[in-house]
Amino acid sequence: MYITITPQKMGGNFSKSSADFVGYLEKENQGLEQQDMEHFFNQYGDEISAEEVIKEIDGNTAKLEKHEPRFYSITVSPSKYELQKLQNSSKDLKRYTRELMKDYVASFNREIKGRPVNIDDIKYYAKIEHQRTFKGTDFQVKENQPFATKILQLKTEIRNVQEGRAEGNIKRMKKEIAKLERQAPHQQNGKRIVQGMQKDGNQSHIHIIVSRKDASNRFSLSPGSKYKASDVKLNGQNVKRGFDRDKFFKNAEKTFDKTFGYKRNFAETYKARKDFVKNPNLYFAALMKLPANEKALAFKMIAKTGLPIVPNIPVSQTQIALRVLKRLRRGAEIAIKSSSIGI
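Under our numbering, the very last position in the sequence shown is 343; numbers go up by exactly one each time.
If you're looking for bench data, these hints aren't it; they were derived computationally from the structure. Incorrect hints may have been included.
[Unchecked claim] Below, computed lysine-lysine pairings styled on DSS-like, alpha-carbon distance capped at 25 Å: (1) Lys27 / Lys135; (2) Lys63 / Lys80; (3) Lys85 / Lys199.
[To be verified] Quick list of simulated restraints, FRET-style, between CB atoms: (4) Ser90 / Gln195: 26 to 32 Å; (5) Asn118 / Lys150: 53 to 59 Å; (6) Ala303 / Gly196: 20 to 26 Å; (7) Leu32 / Pro7: 28 to 34 Å.
None of these values were measured; they are calculated from a predicted model. C-beta atoms are modelled at their ideal positions from N, C-alpha and C, and glycine is treated no differently.
Kindly produce the complete structure, drawing on both the sequences and the hints.
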């Protein structure tokens, strides 16, 4: 489970409206019949139109400064193992989203009218998507890049020969291209993985747009606050503030596990990923103490993320640490950073 929380992009040519982002989330509905579309929903409503989402988010921005984001985007990406536990991706993820947002409000160290923030205090809209494409930052694309560069060079040489700007053996160069296509380390359905290629398998995930202001348009609720639990004096009164991101990510996993009866492996926990960056000795000690079957699954999951710990797994904890620590930590740091705002 990977969860990212991203503030609205501000400044420059970016619009203050949520229209561009909402429009982006409508991309999978293009060309579909009404009954096949995925609609926006919130805690109590289904089939909410994009126009209503834009109107509600853009109209809930009272007293925000020009530089302050009007909304936050939460992206929830279950792993393929988690998705396998679902009976119906759309219905199950919608149900999970509504439970997840209860975890979200419970993570605010904030009171409204003398009580903790509750689900009715926030204004959010969510949408389920079922497609993903490979990005330039994906390890498969990165590790295929040297082959892509050589292929592009050969195609340029072929074009130069065909247009009379150079001499060369086109047949030989085409054979070399075919060889490079096969040699690229990451393939999907017999084709070299490239940026923009649609990913195979169940890629269902959740996009959530949540207003910076509460539902009454009076109070600011920022999940980007760095203050987990603190008080600040406002208009002569002590006011609680802050958002506990660690609590949110941990509870998000617990809620998924409880909702769908999922038995989470050590390697796919938020705590494990964070421990790997903060305290690698603790991480490796816990990894090596796992029962044999859980350890094997953990290594398999780690390999799927692109971290170079397999296929040759050293038997001792020390060897593992020495051989892969630097490279693994680099990858894990990226994953951790993508899972929150400023951990």
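Outcome of the hint check:
1. Lys27 / Lys135: Between lysine 27 and lysine 135 the Cα gap is close to 17 Å, so the pair holds against 25 Å.
2. Lys63 / Lys80: 42 Å, violated
3. Lys85 / Lys199: With Cα atoms ~20 Å apart, lysine 85 and lysine 199 stay inside 25 Å; holds.
4. Ser90 / Gln195: 26 to 32 Å: The hint (26 to 32 Å, Cβ to Cβ) holds, given that serine 90 and glutamine 195 are roughly 28 Å apart.
5. Asn118 / Lys150: 53 to 59 Å: Taking Cβ atoms as reference, asparagine 118 and lysine 150 lie about 58 Å apart, which means the hint holds.
6. Ala303 / Gly196: 20 to 26 Å: At roughly 24 Å between Cβ atoms, glycine 196 and alanine 303 fall inside 20 to 26 Å, so the hint holds.
7. Leu32 / Pro7: 28 to 34 Å: 30 Å, holds
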